[in-house]
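Asks: Taking the hints into account, I'd like the entire structure generated from these sequences.
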Amino acid sequence: MGAHAQEHTSHTKLIWKVFIILSLITIVEVAFGIWKPDFLHLTTMLGTSPLNIIFLVLTLVKAYYITWFFMHMVDEKKNMRRAVVWTGVFLICYLATLLLIEGSYIHDVLGPLTKWNY
Amino acid sequence: MEATIATTKANGNSWSGGNNKPLGSSYGKMMMWFFILSDALTFSGFLAAYGLMRFKFIDSWPIADEVFTHFPFLHGLHAPMYYVALMTFILIFSSVTMVLAVDAGHQMKKGKVTFYMFLTIIGGLIFLGSQGWEWKNFIQGSYGAVQLNDGKIIQFVDASGHQVTLESFAASSHSERVQHTKDKGIWFSKEAALPPVSLTQVMEGFKAHPEITIRTEQIDAATKSKIIVPRENAMAYLSEAKAVVKGANLKVNEYGRTLFADFFFFITGFHGFHVLSGVIINIIIFFNVIIGTYERRGHYEMVEKVGLYWHFVDLVWVFVFTFFYLV
Chain A
1 MGAHAQEHTS HTKLIWKVFI ILSLITIVEV AFGIWKPDFL HLTTMLGTSP
51 LNIIFLVLTL VKAYYITWFF MHMVDEKKNM RRAVVWTGVF LICYLATLLL
101 IEGSYIHDVL GPLTKWNY
Chain B
1 MEATIATTKA NGNSWSGGNN KPLGSSYGKM MMWFFILSDA LTFSGFLAAY
51 GLMRFKFIDS WPIADEVFTH FPFLHGLHAP MYYVALMTFI LIFSSVTMVL
101 AVDAGHQMKK GKVTFYMFLT IIGGLIFLGS QGWEWKNFIQ GSYGAVQLND
151 GKIIQFVDAS GHQVTLESFA ASSHSERVQH TKDKGIWFSK EAALPPVSLT
201 QVMEGFKAHP EITIRTEQID AATKSKIIVP RENAMAYLSE AKAVVKGANL
251 KVNEYGRTLF ADFFFFITGF HGFHVLSGVI INIIIFFNVI IGTYERRGHY
301 EMVEKVGLYW HFVDLVWVFV FTFFYLV
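Here the protein sequences line up with chains A and B, keeping their order. Note that the UniProt record's numbering has the first sequence beginning at 1, numbered continuously upward. Note that the UniProt record's numbering has the second sequence beginning at 1, numbered continuously upward.
Treat the hints with care, as some may be off.
[Unchecked claim] List of simulated lysine-lysine pairs, PhoX-like, C-alpha gap at most 20 Å:
id, chain 1, residue 1, chain 2, residue 2
1, B, Lys21, A, Lys78
2, A, Lys13, B, Lys112
3, B, Lys305, B, Lys110
Don't read these hints as lab results, they were simulated from the structure.
Replies: The following block contains the structure:
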């Protein structure tokens, strides 16, 4: 994937390939979402179920394909790519980590106080 | 001093950033990238806030599979995921036609660019319509529920643990309570739409149907399903009943936590608004392609820039799909 050397050649083949990959990932996600096997859904791994981890990883793979090949991030200069991707990834991870930790702390404190029997 | 001042003399086309291309990217494309970065941070702020609230109420959050179960022409059938999967495919496909338009633009093929831009716009419109339908189902609700004095939601289930509609067991009423409206002479007060059955009807119907019991919002961590209350304890809950709830809005939600409805409306609404503005920008660029603006300019970079925005909208949907429907 040279930068602009092959600007005039068509990438149609690559586009359809990426489309097929994205569709397959979506189909797998939906299949797992409907099937929800107990050994993935009801067990715990890294603070959530393995099924949720699978969904998260597949989502990130999809995001990679969209950004790299549909948005042509692959053709940008390395520094341009880093300026956008690293900034976003760092800030989002930071925000999500703090908020999720805080959320489960609030649950630990608040949960026992919630009345469920009348 | 002189070196730091940008003069229009230096290059005539300052609005397009001139001929300087820092990081090898044109002014317009780079600014689109940084706009997308900031917009991505906005969306992650919303989704992270959703995550915070979800973790806060991890033991009582609505289960998405029980909320979004509709599919066109399949009335009453329990079809979770299928519809939103269809929406995802529509958006991915319109992303493909967009990137094909960009590709055709690189080769200066005006006809192909026009055709693919057209398909992209159609895809965007279909997606918007689908989202409208999804909202309609969510707002109208499916089974109906009862809200307690402290705001908790009580749903009704049959012996097999499946939810039943309020209408299926509520007692028929003789006194028809009519909604207060201006044209009926009640000019001094406003009233929200009345639920299909009254609280008294639900209570009487519940007493008359021994096979029905209730479930709370609470989730059993071991089975990840809502806890069903045995019938003998149910009346203790129902004596606290305040109102009948049908559907969801920003104040109350028959599926459980109102926050779920608030975040759903806000995040999918904000995303839908992005799709709408994307469609409008696409239409503008589409007509510019037709009248030959970019042909005269010598390049189709504008199609690339709107393409970046359009793909970003698709990218956000991938995450909304995961966090609202899958996990």
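Asks: Each hint needs a verdict: does it hold in this structure or not?
Replies: Verification of the supplied hints:
no. : hint                  : result
1   : Lys21(B) x Lys78(A)   : 14 Å, holds
2   : Lys13(A) x Lys112(B)  : 16 Å, holds
3   : Lys305(B) x Lys110(B) : 17 Å, holds
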